[in-house]
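Undergrad: Protein chains in written order, with the numbering used here: chain A, 1 to 497; chain B, 498 to 590.
To be clear, the hints were calculated from the coordinates, so they are not data collected in a lab.
Any given hint could turn out to be false.
Stated by the list, open to error - Computed footprint of chain B on chain A; a stretch qualifies when at least three of its residues, placed anywhere within it, have a C-beta under 8 Å from a C-beta of chain B:
id, stretch
1, 32-39
2, 47-59
3, 468-481
To be verified - So these bits of chain A aren't anywhere near chain B, every CB distance computed over 12 Å:
id, residue
4, Lys114
5, Thr388
6, Asp415
7, Ser422
8, Gly462
Don't be surprised by glycine CBs; every beta carbon is placed ideally from N, CA and C.
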Amino acid sequence: MRYQPIIGLEIHTQLKTQSKMFCSCASQYFGKEPNTQTCPVCLGLPGALPSINQMGVEQTVRVGLALGCTIPEESKFDRKNYFYPDLVKGYQISQYDMPLCQHGYLDVDALGKKKRIRILRAHLEEDTAKSLHEKDPVTGESYTLIDCNKSGVPLLEIVSEPDLRTMEEASAYARKIRQIVRYIDASDADMEKGQLRFDINVSIGIVEDDEVLGENDLPKQHTPIVEVKNLNSFRALEKAVDFEIKRQIEEYEQTHELYHAGNKTTRGWDDVKEVTVHQRSKEEASEYRYFPEPDLPPLHLARDYVEKLRSELPMLPEAKAKQLAECCGLKLSDAVLLVAEKEDANWFDQAATGQSQVLVGEMAKWLLGDIAFFLKENNLGVSQSKLTPEHLRELASLIQSGEISGKIAKEILPDVLEKGLSPKSVVESKGLKQVSDVGEIEKVIDAVIAENAKIVAQVQGGKPEAVMFLVGHVMKKTRGQANPPMVQEMMRKKMGL
Amino acid sequence: MLTKEQVLKIAHLARLKLTEAEVEKYQGQLSQILDYVAMLDEVDVSKVEPTAQVTGLTNSMRPDEAKVSFGQSVSIREAAATQKGYFKVKAVL
């Protein structure tokens, strides 16, 4: 017998629109005074009539298409009924049995293996209000404050099949979803602003020795399913998955309890203690008393409309990396890094388009090396930094043509990156041009030979490797500006090697 | 007839507190309502397309434009309790 974690993910991401999903209040609520972007609809006042935001539907379909989903011709909204103070109407407008996107997939790389994760559905709903849990310092009374600015913001819920088997797969899947929704500009998915949240469903398969399982097969028996709600960082997602796997195995070894209808539970994540905490038994779908939203007519998605949206989707990161690797002779793993963020990918396109493979390779090397290090230190994306595509190209050309050495390139980088100066101008103003003048180099070589008679004797007396010591001295004397291959060649010649 | 447990479960979902007598009353009344609605089961709908709406409308959508909302003072004016522009409610969790 062995244990096999079974993980499914529900990812909530706020869609990028100007207005809320079912009313015309502004949807950008971050940093706004509480309850300043509300109206009768999103305050749940009696008699208010919702209306469908066309862009919310469009963004949903775009995400669905990017995730390989089928977009059915018919779709509709439903009411999901439950009581919670952040849900002012007493129900959430969501989609139950006819979601806008069905049966997609995402290929993820985790632990060096590629795996296809099936997506069950993606449906459009409205976000809830924001609640702050407070405690009166004097009376000790606990209470909750509600801000309805977030109430009604379009929210897309992407539901995976329980195809994930490890924390690494779950994390890679979540990260890739975020990358894609950002790439196609359907969501900013800014985690610090709570625009992307995860719920995980975890259970442990009890796999018998003679049980043969395919990649996405479920074991015949597994522990009760636990849903951990509202994880709002990748770190929390990873920690919570890890914790649940360990906790459930321990629990199973004591109780031997297996899943059956009715023993699902919901747990919360304690970010400080890094543990999950029991909250309640999980509602079954019937307890939400879903029914078709009577205030919103159904949607009919014309095929030509869907195909138009498909044709307008930008190239996705995976295809983009492949294209870059092929056209410019880069390693695929390097290309993947270069196109990880859309803005950075476009930035690199500008630098690389029309350039030779060698030059693009040189640019990629610097961008992924010293420049990446600088950007990371300063917490910037390359597109937000002062480095321009033209300047990167200039830097790479200077190195390729032999005008400056890699060492000098490193020396001028701070000015180029921090002040936005052109590499050429920095080289000139600091007098750092690489010396490739035979006469000038020869003078220095002669001086070094004169000053190091002992080493010269060693080289000529059968220790040729000591020549590098002399080369080093020449480089030092020229403050790194002499062209290194030239110095080496000339020095060897002088020594008769 | 609905069991006591079923009535209590429904009451819990609706966040209603029922007395023993009320539970018994609703056992009868809710069962009657269900039976009444169940009369629809006798209708032959084999040739009827399922629908969630009878208005005949589809794709009733509005363009994505943000408009001026209530200000804070109007939003929270009718609330039973407020604090710093927020609605104040009993603690949850």
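Undergrad: Taking the hints in turn, state whether each one holds.
TA: Hint by hint, here is what the structure shows:
no. : hint    : verdict
1   : 32-39   : holds (count 7)
2   : 47-59   : holds (count 7)
3   : 468-481 : violated (count 0)
4   : Lys114  : holds, 37 Å
5   : Thr388  : holds, 34 Å
6   : Asp415  : holds, 43 Å
7   : Ser422  : holds, 42 Å
8   : Gly462  : holds, 81 Å
When the structure is compared with the earlier hints, a violation turns up for hint 3 alone.
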